[in-house]
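Hey, can you work out the whole structure from these sequences and the hints?
Residues per chain are reported as follows:
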Amino acid sequence: MALLSLQNATLRFGGIVALDDVSLAVEPGTIAGLIGPNGAGKTTAFNVITRLYRLESGDVTFDGRSILRTPPSRIVRLGIARTFQNVELFPTMTVLENVLVGAHTTSLFEREANVRRSALETLDLVGIGNVAHLPAAGLPFGTMKRVEMARALVSKPRLLLLDEPAGGLNHEEVEELALFLRRLRDELKLSVLLVEHHMNLVMRVSDHVHVLNFGRTIASGPPAEVQRDPKVIEAYLGGELEGAA
Amino acid sequence: MRRNAPALVAVAVAALFFALLPFGLSDYHRGLAASVAVYLIAILGLNVLTGYTGQISIGHGAFMAIGGYTTAIMSHYHNTNLILTLPLAFVITFGCGVLVGLPALRLSGVYLALATFALAVSIPQLPLKFSKFTGGSAGISASKSVSNSWLYGVSWSTAAIAFLFTWLVLRGRTGRAFRAIRDSEVAATSSGVTLAIYKTLAFGVSAALAGVAGSLFVLATNGFAQPNEFSVTLSLKILVGAAVAGLGSLWGVLLGAAFIALLPTLSASAPLIGSAHGQDVVFGLFVIVVMILLPTGVAGLIPRLRRLRVKA
Ligand SMILES: Nc1ncnc2c1ncn2[C@@H]1O[C@H](COP(=O)(O)OP(=O)(O)O)[C@@H](O)[C@H]1O
Ligand SMILES: [Mg+2]
Numbered sequence: 384m385a386l387l388s389l390q391n392a393t394l395r396f397g398g399i400v401a402l403d404d405v406s407l408a409v410e411p412g413t414i415a416g417l418i419g420p421n422g423a424g425k426t427t428a429f430n431v432i433t434r435l436y437r438l439e440s441g442d443v444t445f446d447g448r449s450i451l452r453t454p455p456s457r458i459v460r461l462g463i464a465r466t467f468q469n470v471e472l473f474p475t476m477t478v479l480e481n482v483l484v485g486a487h488t489t490s491l492f493e494r495e496a497n498v499r500r501s502a503l504e505t506l507d508l509v510g511i512g513n514v515a516h517l518p519a520a521g522l523p524f525g526t527m528k529r530v531e532m533a534r535a536l537v538s539k540p541r542l543l544l545l546d547e548p549a550g551g552l553n554h555e556e557v558e559e560l561a562l563f564l565r566r567l568r569d570e571l572k573l574s575v576l577l578v579e580h581h582m583n584l585v586m587r588v589s590d591h592v593h594v595l596n597f598g599r600t601i602a603s604g605p606p607a608e609v610q611r612d613p614k615v616i617e618a619y620l621g622g623e624l625e626g627a628a
Numbered sequence: 118m119r120r121n122a123p124a125l126v127a128v129a130v131a132a133l134f135f136a137l138l139p140f141g142l143s144d145y146h147r148g149l150a151a152s153v154a155v156y157l158i159a160i161l162g163l164n165v166l167t168g169y170t171g172q173i174s175i176g177h178g179a180f181m182a183i184g185g186y187t188t189a190i191m192s193h194y195h196n197t198n199l200i201l202t203l204p205l206a207f208v209i210t211f212g213c214g215v216l217v218g219l220p221a222l223r224l225s226g227v228y229l230a231l232a233t234f235a236l237a238v239s240i241p242q243l244p245l246k247f248s249k250f251t252g253g254s255a256g257i258s259a260s261k262s263v264s265n266s267w268l269y270g271v272s273w274s275t276a277a278i279a280f281l282f283t284w285l286v287l288r289g290r291t292g293r294a295f296r297a298i299r300d301s302e303v304a305a306t307s308s309g310v311t312l313a314i315y316k317t318l319a320f321g322v323s324a325a326l327a328g329v330a331g332s333l334f335v336l337a338t339n340g341f342a343q344p345n346e347f348s349v350t351l352s353l354k355i356l357v358g359a360a361v362a363g364l365g366s367l368w369g370v371l372l373g374a375a376f377i378a379l380l381p382t383l384s385a386s387a388p389l390i391g392s393a394h395g396q397d398v399v400f401g402l403f404v405i406v407v408m409i410l411l412p413t414g415v416a417g418l419i420p421r422l423r424r425l426r427v428k429a
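These protein sequence lines map, in sequence, to chains A and B. Just add 383 to wherever you are in the first sequence, counting from 1, and you've got the numbering used here. Just add 117 to wherever you are in the second sequence, counting from 1, and you've got the numbering used here.
It is worth saying that the hints were derived from the structure and are not from the lab. All C-beta atoms in this analysis are idealised placements derived from N, C-alpha and C, irrespective of residue type, glycine included.
So these bits of chain B aren't anywhere near chain A, every CB distance computed over 12 Å: (1) V130; (2) A131; (3) L201; (4) L205; (5) V215; (6) P220; (7) F234; (8) L243; (9) K261; (10) A277; (11) I278; (12) V349; (13) T350; (14) L402; (15) I405; (16) I409.
Pairwise CB distance ranges, derived in the manner of DEER restraints: (17) E617/A <-> L219/B: 50 to 56 Å; (18) R421/B <-> E504/A: 30 to 36 Å; (19) T393/A <-> R421/B: 51 to 57 Å; (20) L517/A <-> L425/B: 14 to 20 Å; (21) P411/A <-> R421/B: 47 to 53 Å; (22) T393/A <-> L219/B: 32 to 38 Å; (23) G510/A <-> I419/B: 27 to 33 Å; (24) K246/B <-> D442/A: 51 to 57 Å; (25) L425/B <-> D442/A: 57 to 63 Å.
Facing chain A, a subset of chain B residues (Cβ under 10 Å, in silico): (26) R293; (27) A294; (28) A297; (29) R299; (30) S301; (31) V303; (32) A305; (33) S307; (34) G309; (35) I314.
Next comes the structure, spelled out in structure tokens:
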């Protein structure tokens, strides 16, 4: 059974159909890529899953149960954690404090010292233990993305939603990210829904790729298959996909 | 622990200072020093709400009025021990704060400021409506009055407890949830922070501290609770004190409280314009100058000084 699934999800903003009868699934222990040109509805899908947006019709299930009645602040308790495309940190707090907020749901009745240790371990895991005590504002963009990743991971999620984690990273950092995502899947047994424009990264790490265009599913399947799909190539005007082979 | 060492030393020194201070003061100045403690408690309260959760209130005088009337009424009708009226005021104003916090969930920024302003205007007028019970505009007095030495001891002890309480509330998970809400409601929600719970909790804690300050405020005015003591100016004064102290940090509250408690008195003796009605002008000028020089308040100086020391 799929860990997460959207079933015939539809959501409109005025005249724009941001999600048009979209059905997609994330199998447990896999990385699912979610791609599509700008405005395709990828971030909207994340906001629907985390209950920031309300679907007009269709359903979202996690672990087989509908989550459309779950309040937004309870989503992380179910085991779904996310990052944001444009980075939503707590700028006046330190990096460590940001991650400690991520541990909000796991820290009730837990000793502060233990919570701190787990936050610091998570910062080490994403490779930024050295900036723990710096203010989150003013860090390089790539580092901020890692803080968000740590803040999501510290809640011990089963499903991680990553919105363009490679945005603003250089070549080397993207390679590191690819390794890291595989580690999350293979060692920590996490499932990941990955929104990304970096085609090469998506095609390499994903077990399954889902393609949206103007809110509609235009392809869904293994990366090699999706890459060759004429509709996908057309949506991307050929350009971006070729470099990915 | 070692990170907290300078803070602990500072608190210990302050405690010793305030324990010894009354011996060096005249009776009048003891009363004045007690009023610093009263404002300190109110500023702590406003700081929890506005500084830590980012919800603006210009109505804290209303909660002070509720706390103050609690003390006066309980003492007047039931002869309740004055010290016991303080925790009672705490509980009652906590409840009032939560009640105000619930509708405030739908408001933010200027709209919340206006709504709390309306509270500051209307709540102190309520006693006029129930003047049989509350004494109307003439006010109601506690069954006994207290000396300035008593006031000094009780106010500063309460201030110390209030400071410790606030520090404990803010230092861990709850304080982080407050600040997370201030910084990003979306990210806080996604991290599992329920906005409604923490915003109303902040309102409750904040109002409770203001309520206790109101109780002491009434005791400091000969035990008399009167509507016009709790004018809008009082609310604004607390806001000025919180801004001078520095929002979102606890380390400036003493200076913020001293600023609003002592400056009006000091301004009156300013040469040329201070006397008669000039003291308000002097006070206003000081507020403007301080806000220009210290836009992040006294507490904002601490990181600045730390950076200087690192460079040196
Ligand atoms: N809160 C909103 N209000 C109005 N329109 C929105 C909102 N969120 C997304 N949209 C629109 O929905 C469409 C999909 O956006 P989005 O999901 O952000 O795309 P992307 O695939 O680039 O992440 C876009 O046309 C966008 O303008
Ligand atoms: Mg997007």
